[in-house]
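Residues per chain are reported as follows:
There are 2 protein chains.
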Amino acid sequence: MDVNLGPALVAGFRFSGVSAGLKHQEGAKDLGLIVADAPATATAVFSANRIKAAPVYVTMDRVRSGRLQAVVANSGCANSFTGKAGLKLARESCALTAREIGCAPELVVPSSTGVIGHLFEIEKFAAGVREAAGQLRDDGMEDFARAIMTTDTHPKIASTSIRMGGGQSVTIAGVAKGAGMISPKMATMLAYLVTDAAASPSQLKVALKAALPNSFNAITIDGDMSTNDTVILMASGAVRNNALSRRDLVAFSRGVEEVSAMLARELVRDGEGATKLVTVEVRGAKSPADAERCARQIANSPLVKTAFFGCDPNVGRILMAAGSSGAVVESDRLLLSIAGIRVAARGALLVDSLPQAAEKMREREFTVSLDLKLGKSSSTILTCDLSYDYVKINAEYTT
Amino acid sequence: MDVNLGPALVAGFRFSGVSAGLKHQEGAKDLGLIVADAPATATAVFSANRIKAAPVYVTMDRVRSGRLQAVVANSGCANSFTGKAGLKLARESCALTAREIGCAPELVVPSSTGVIGHLFEIEKFAAGVREAAGQLRDDGMEDFARAIMTTDTHPKIASTSIRMGGGQSVTIAGVAKGAGMISPKMATMLAYLVTDAAASPSQLKVALKAALPNSFNAITIDGDMSTNDTVILMASGAVRNNALSRRDLVAFSRGVEEVSAMLARELVRDGEGATKLVTVEVRGAKSPADAERCARQIANSPLVKTAFFGCDPNVGRILMAAGSSGAVVESDRLLLSIAGIRVAARGALLVDSLPQAAEKMREREFTVSLDLKLGKSSSTILTCDLSYDYVKINAEYTT
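Chains A and B are the protein sequences, given in the same order. According to our numbering, the first sequence is numbered sequentially starting from 1. According to our numbering, the second sequence is numbered sequentially starting from 1001.
No wet-lab data here; the hints were simulated from the structure. Keep in mind that a hint or two might mislead.
In silico contact screen, one side only, chain A against chain B (beta carbon under 8 Å); selected entries [said to hold, decoys possible]:
| hint | residue |
| --- | --- |
| 1 | 226 |
| 2 | 243 |
| 3 | 324 |
These numbers come from a predicted model, not from an experiment. Idealized CB from N, CA, C, for every residue including glycine.
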């Protein structure tokens, strides 16, 4: 399956992105719409944070019906920790969007990202929605992607086409934003996937749930988890292959997973201040939980991540993280490779191989592979390095 | 009880610190001795990391007897992840120390800190021990403190005197090193406490165990946990008040706790690249576990720590961390203060108070206080900010 980095036309959906003046930067796009020609089937997953933003509560409530027609998303203000006023504002933003595009307010869901604890001005927002509704285009996906960016340096879009059993092709496309507060269980992250396939809400749920472990839940930038994370999957059914057959659902789910994985990878690659994309693979763990906690501990360790930034094949820090993860680890058994170079085995550092590993770590992407040799479970997490720019961005930017 | 930052004379103990050439820096002290005039009672606690360094295994084994006469500690090499060769080296370093000072090798324990995965040269080490044995002095505590420093910018020593029931005074003094890899459960950290009190090994164990929750286990620098952490408490009994009475044990334990807390505070204040010492207090949690995980999540969040560095009263990030900690948190109930300024209450940000909080955050020390208003449990963790220099130190230094 070919997944492209970039937009696609998805029959039944139009998109736009405009500048409504919600962001500080003059003229930056900060309000986007996704509108389906008719009510689409839909499913969504959300932040596991105990403190959820107002738009998350509204979306959780409305997506239960399995049908949505529009998403109104903004950057520049997270509408999080804003109490009842925030909930009212989130519902109002949907109501005025519904009026502009002509659908029931319950079919519109809001998303917000940006500074926490503040409300946006509804007048600015309303003017933005009016403008965005006037600019809806089937090729407007990139405008939408730009409107939801915060510290992202570029828009993130991926798409693929899949041939279904009946010979018809369906398209799946996705747009995401990330940059910081990305970790356990899908963090500051908004992602929207749309497809022209006809799929029931429960089929969409199956597909999205299956996609998460190897995509949005398998990445970390800083171990922090946002209050606004949302992934929505909507299907227009504009390609009139009836509801998916069991076999088609398998292919469709794989498509959703691969588009999600591509977007997730782009999120890490564009992590705040990131200069490297590192795949942390743990194999041979005693249990799946051990594998995951070991991979996450390595992927989140500030000492490991600063060593990545410094191109330092620092075996000690990686093993320190593995050993402190709670997973069963036996130092005499494990094998560790960095960028394909074996650097530790049989309880000892392979000192002679370190210069070669250091050289390979200069590349923008590499893999850290730890085989615990204790069992059959494995886990893979994508992470990035911790650079001066991460500190700069986060010491100077108020989220 | 007055605890002083600085050394004290502790009857029955002598100390030294020399340069044995184990560190890269020419002439830097890197080998230290603590020697008791006669076998002392002793107890110790260690890293919870699954991968422990060779000297930790040797110390764990030997301290079980409850008696030690000497510690030989080095910086510049952690002797961790060094397999059987590392264990042999650790035992050898004790044997040659025992020969120099004239005691049984089983009464000597080793500690190492520095680069992981490498062995030190035993010849250099032996020469260093010989020199250090010749320089033992009752006022040599600062030399010892310097010999165990890695990225620490200054030696850390604290001491106090306590009057016992019988009218006699006993002294407790401690030396520690820290700087990075400091977190959950007592991380890269070596600390040695000595006292002239007469206390049984089990009394020492009680005192040290009681001291940990509010000292070495209540600090974090980067959430990472080292393979070498060791805290040793030794009592010479040189002040011949018989074994501690129950009441004296209480006073003695408080002394151990306060000296430990002072050292722990110094470790955080001197954390790698740290410019601020922040006390994170969580109160009103549903359970002690909730209080602790909430405080730790805030104290370890890179986004929170970079905001500290930027003097940014970033309520959103603190609440994001609280909400993602797993603790029960209700955003409508909690109260949050930064540096004594209330910044969030009743589900809303107190926007007008933010400039004042930002101003107060310019100070070198402040407190973040979060009252969850859900129960009676509390937890306090000391942390520091995450600065450019943390990245610099750890991208350029191989541990």
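Against the structure, the hints:
1. 226: holds, 6 Å
2. 243: violated, 37 Å
3. 324: Result: holds, 4 Å to nearest chain B Cβ.
Hint check: a violation occurs at hint 2 only; the rest are consistent with the structure.
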